[in-house]
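Line by line, the protein sequences are chains A and B.
Residue numbering for the first sequence is 1229 to 1563, as defined by our numbering.
Residue numbering for the second sequence is 1229 to 1563, as defined by our numbering.
Treat the hints with caution; some may be incorrect.
A pair holds if it fits inside one copy or across any two, identical chains being indistinguishable in the list.
[Said to hold, decoys possible] Once the Cα atoms are required to be at most 25 Å apart in a straight line, the calculated DSS-like pairs of lysine-lysine come out as:
1) 1530 / 1406
2) 1543 / 1275
3) 1471 / 1275
4) 1530 / 1471
5) 1471 / 1543
6) 1406 / 1275
7) 1543 / 1530
8) 1530 / 1275
9) 1543 / 1406
It should be emphasised that the hints constitute simulated quantities derived from the structure, not laboratory data.
The residues making up each chain are set out below.
There are 2 protein chains.
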Amino acid sequence: MRIDDRFFMELALREAWRYQGLTYPNPAVGCALVKEGRLLAVEAHRKAGESHAEVRALLKAYEALIGREAAVDPADADAVHDFLETIPEELFRGVTAYVTLEPCAHHGRTPSCARLLARFPLHRVVIALADPVAGHGGGADTLALAGIEVEFGCCREEAQALLEPFGIWQQRAFVLFKLAQTANGRIGGGYLSGPDALRHVHRLRAAADEMIIGGGTVRADRPTLDCRFSRDPAPNLTIYSRKEDFDRTIPLFDVPDRSVEIRDDLRALLERPGFLLVEGGEGMLRALQERIDWLLLYQTPKLSPHPLSYNVDQKLEYLHTEPLGRDLLIWSRFG
Amino acid sequence: MRIDDRFFMELALREAWRYQGLTYPNPAVGCALVKEGRLLAVEAHRKAGESHAEVRALLKAYEALIGREAAVDPADADAVHDFLETIPEELFRGVTAYVTLEPCAHHGRTPSCARLLARFPLHRVVIALADPVAGHGGGADTLALAGIEVEFGCCREEAQALLEPFGIWQQRAFVLFKLAQTANGRIGGGYLSGPDALRHVHRLRAAADEMIIGGGTVRADRPTLDCRFSRDPAPNLTIYSRKEDFDRTIPLFDVPDRSVEIRDDLRALLERPGFLLVEGGEGMLRALQERIDWLLLYQTPKLSPHPLSYNVDQKLEYLHTEPLGRDLLIWSRFG
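Chain A on its own, in the form it takes in the complex (with noise of 0.2 Å):
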């Protein structure tokens, strides 16, 4: 295993990686932190409206230096930049930082982590992708006006797949597809995921504009299809079918503060700015075939003889996997 800037970078994108689609609308990124070869911290964005990666890594570098945790939550962005402001300068010369994503320059919902960063006598940050949003830009020369080494493009292919769906969902929807399988393919036979599983799907749908589902999955399963396992509000639900004819007893009609709209055109839908997340089987999948950007595999540890799979022909690419309790967590891109 080599020991070097992509080893550390490679940190950063994993840990980003476990709140891929979690930040919607902002995009995944991470952060790590090293001092003269110790790694400090690994950190990454967890939820629009908290701590950027940065902030959380520069908190957590910190208590790795001075030996104790800081009395500041570390979600709070504005507590936790206020915080940093009053450390020693000192504290952090040498620091390496590396980052997934150019530290923003704009004090938008939370404050410009460049310019926290350029307050210490940082040795170099190492960012993977330039800031592509227009506008955004200018992290980097903020840094770099402070004496600090900047350098672009280490991890630079792994960075564009962790932010392709923040660049897909400001244009029009980013479409992702979820699928619970066994090892060998089958999606029949009840629940299939794991609890760890069942709360990262109910976090995702939290974190989505509108989840769409398909008419024979909702027949068939009569699902309840809400946020029960992360405690969070339900999603708004699209049920895509041609007949309007469902069964009302079905549970998904009876959640709380949500809508559930039966529509049998999905375009304006897509071509709408945001994050879909689509649920169903092989009918869902051949409907949507040609805009599924990508697939989320929940992928369970056990072959079954069911005799449910879903045949498609499709090509992917994987992105990441990870386990996620006893299942694995498969994200690969439709190409």
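Chain B: place on chain A using the hints.
Okay, now just chain B, sitting in the frame of chain A:
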């Protein structure tokens, strides 16, 4: 991400998994070396007769500390041992070693790792698992006698999974069933795996004592079953079949310097200590279902409408997953 003993041990485990099976008859072992928080090296044992993980890691750490490569072949255990006996002991003062298995105390095909480690004023040796081989222990005692702090049990469960094949193949055959499939569990339609996955399976074939293949697969696929992608000698082959009337122009019969046997009873083979790599489809999976230890999936990045899959009812436990070129490698336990 927590940066603690588990973090460094997991790096050692991950590196060791890259050589799972390939180290046969030795165990897969990984080692990470850390000096005052600075990660110096993460290395693994790669092949029986070559340097152990600790030896490779010490050499890599030496190179990291002095900033240039040493003029010694890292694979050559005796040469690296001799070299490491000559370097200044002080270089490794304060280093913590993370090893997935207790360093060997005995001089086998290679000199003792425990004695080599004990030469240096290490701060601590963190060991996931004690040496399970009767008469092989004592590595920790050697270290403790030299005044080095020794700690057992970090990531014990993960290390037990890594070491499981080694424990089995000393008693009876370790049966690894290999399958190449699409992301939706289809196994038909010609070559599925990419070049990296093919090279990996050929290296596994070369490491195993014997390959077993189902008669049906031989007739349907007319395979060669050699190790041309890794340029290793071809494995001995057992075809599991009741009938002996194979078309002798099938390429596997024409590979030089390997035996091919046709058997309708595998019991003798399965009782003998060793490492058996089984390839085939549903028939072979069902025939050996009670005797398969682990399943190795090479999951290729596509969804396929090909009808060939496998209907088996079997619980699994995922042990390790990693990308291998464009494919995914998924190690799991039958359980």
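For residue 1471 vs residue 1275, is the C-alpha pair at or below 25 Å within one copy, between two copies, both, or neither? neither (37 Å within a copy, 62 Å between copies)
From the Cα coordinates, with 25 Å as the cut-off, is the pair residue 1530 and residue 1471 best called within, between, both, or neither? For residue 1530 and residue 1471, neither the intra-copy (35 Å) nor the inter-copy (32 Å) Cα distance is at most 25 Å.
How do residue 1530 and residue 1275 come out at 25 Å by Cα distance, when the copy is not named: within, between, both, or neither? Neither: 32 Å inside a copy, 31 Å across copies.
Classify it for me, residue 1543 with residue 1275: is the Cα-Cα distance of at most 25 Å met within a copy, between copies, both or neither? neither (31 Å within a copy, 35 Å between copies)
How do residue 1543 and residue 1530 come out at 25 Å by Cα distance, when the copy is not named: within, between, both, or neither? Result: close both inside a copy and across copies, 24 Å intra and 4 Å inter.
Go through the copies and call it for residue 1471 and residue 1543: within, between, both or neither, with a Cα cutoff of 25 Å. Cα proximity of residue 1471 and residue 1543: none, with 31 Å in one copy and 39 Å across.
Under a CA distance limit of 25 Å, which applies to residue 1543 and residue 1406: within one copy, between copies, both, or neither? Both: 16 Å inside a chain and 22 Å across chains, each within 25 Å.
Evaluate residue 1530 and residue 1406 at a C-alpha cut-off of 25 Å and name the case that applies: within, between, both or neither. Intra 18 Å, inter 15 Å, cutoff 25 Å: intra and inter.
Within a copy, between copies, both or neither: where do residue 1406 and residue 1275 come within 25 Å Cα-Cα? within (20 Å within a copy, 40 Å between copies)
The structure is inconsistent with the numbered hints 2, 3, 4, 5 and 8, although it conforms to all the rest.
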